[in-house]
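J.: Start from chain A and add chain B according to the hints.
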Amino acid sequence: MLRGFLSLTLFLLIGESISFLLELPVNGGVVGMLLLTLWLMITGHIDADLAAASQKLISALVFLIMPGIVGVFFLSEEFTAQWTTVGIALILGTLLSVLTTFGLMRRCTPIEKNIKDNE
Amino acid sequence: MNEAAERYHDLLFHLLDTPVLAITLSLAAYFAGSAVFRLLRQPAWCPAVLLAASLLAAMLALFSISYEDYSRGASWLTVLLGPATVALGVPLYQQLHHIRAVWRQILITLPLAATFAALYAVMLAKWLGATPEVVASIAPKSVTAPIALGITEQIGGSVSMMMGGLLITGAATVFFVELLAPRLNIKDERIIGFVLGINGHAIGTVRAFEISEIAGAFASLGMSLTGVFTAIWLPFVWTILKL
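Same order as they appear, the protein sequences are chains A and B.
Counted from 1, the first sequence has number 84 at position 84 by my numbering; the numbering is strictly sequential.
Counted from 1, the second sequence has number 127 at position 127 by my numbering; the numbering is strictly sequential.
So here's chain A without its partners, still in its complex pose (with noise of 0.2 Å):
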């Protein structure tokens, strides 16, 4: 598994060196996942150390991603007060969102036909 983990950091690193470098305005880990990704297509399989330590990562997210939730309850004020707008452009915003993708996928025929061919 700590073979693996150095497997991720690595990529992590070479990602964020290609944003660094190239100034991208793509942050290193996404840039690093995208070549951890091109790379197994290339290799065509995952090791079992990658395939443990990702897993672990992965079902831990949600875990890692709480100190950035708790500061929403430690905000400033002028964050606050915009809390109402926030919330309205967020909650009409995603039901627009939703509609529409239902819209686009329904509209989008082939897709259904060839997602049933897939079954």
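Among the hints, erroneous ones may be present.
Unchecked claim - Derived coverage of chain B by chain A (criterion: at least 3 residues anywhere in the stretch with Cβ under 8 Å from a Cβ of chain A; other residues may be distant):
#: 1; segment: 20-34
#: 2; segment: 70-80
#: 3; segment: 93-105
Stated by the list, open to error - To give an idea of the interface, some chain B residues facing chain A are shown, with a C-beta separation under 10 Å as derived from the structure:
#: 4; residue: V86
#: 5; residue: G89
#: 6; residue: S158
It is worth saying that the hints were derived from the structure and are not from the lab.
Where a beta carbon is used, it is the ideal one built from N, C-alpha and C, also for glycine.
T.: Structure of chain B alone, referenced to chain A:
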């Protein structure tokens, strides 16, 4: 009494010297939150992580620990989000065969859906008069947290507000999908899963796995693709529009 309070302060100061206290409180709140979540019979409108975060906030208030002190210690945990983001490449690779089978349709629907997911909220917030920092904080609202953190850093939003936005969006997605799917007569679990993943990131994906395995697989696919797509185009669009 005064002396006891002083001793407590010294002790707190000493314990906050290392990240152990922050990590212990986080772990305790995480497991307590999961227990309460099960006790409430796993409500769809209130994700377990929100319960855990509320408990943690209450604990910090109880022990009179400031958020700054806590987050300094907790940065030992958040640094792991980097390798965790990279780790998402593994399930992405494992789902490539799903992408290959329907890649043309995904190519058409996904960029549009991911764009609208961000656009509606950004436009509404601007129209309602939110400050630029707030708008930047809610732009990545449908993106899974580790990727959204990177986006927020890039476009200059507040991390805490972005996290709050993710929570509201996730809960609202689950609610609206369950409300609308039967009314629109959509029964295909793959479509429901995909819509949950595109709009509701990890919270939607967790819900999709409760519906069925296949809904879950399509939700993780929608979540990963929305994350990758938004991470690439949003910072670019943001920089171009700002210039």
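J.: For every hint, state whether the structure bears it out.
T.: Outcome of the hint check:
{"no.": "1", "hint": "20-34", "in the structure": "holds (count 5)"}
{"no.": "2", "hint": "70-80", "in the structure": "holds (count 7)"}
{"no.": "3", "hint": "93-105", "in the structure": "holds (count 7)"}
{"no.": "4", "hint": "V86", "in the structure": "holds, 4 Å"}
{"no.": "5", "hint": "G89", "in the structure": "holds, 3 Å"}
{"no.": "6", "hint": "S158", "in the structure": "holds, 7 Å"}
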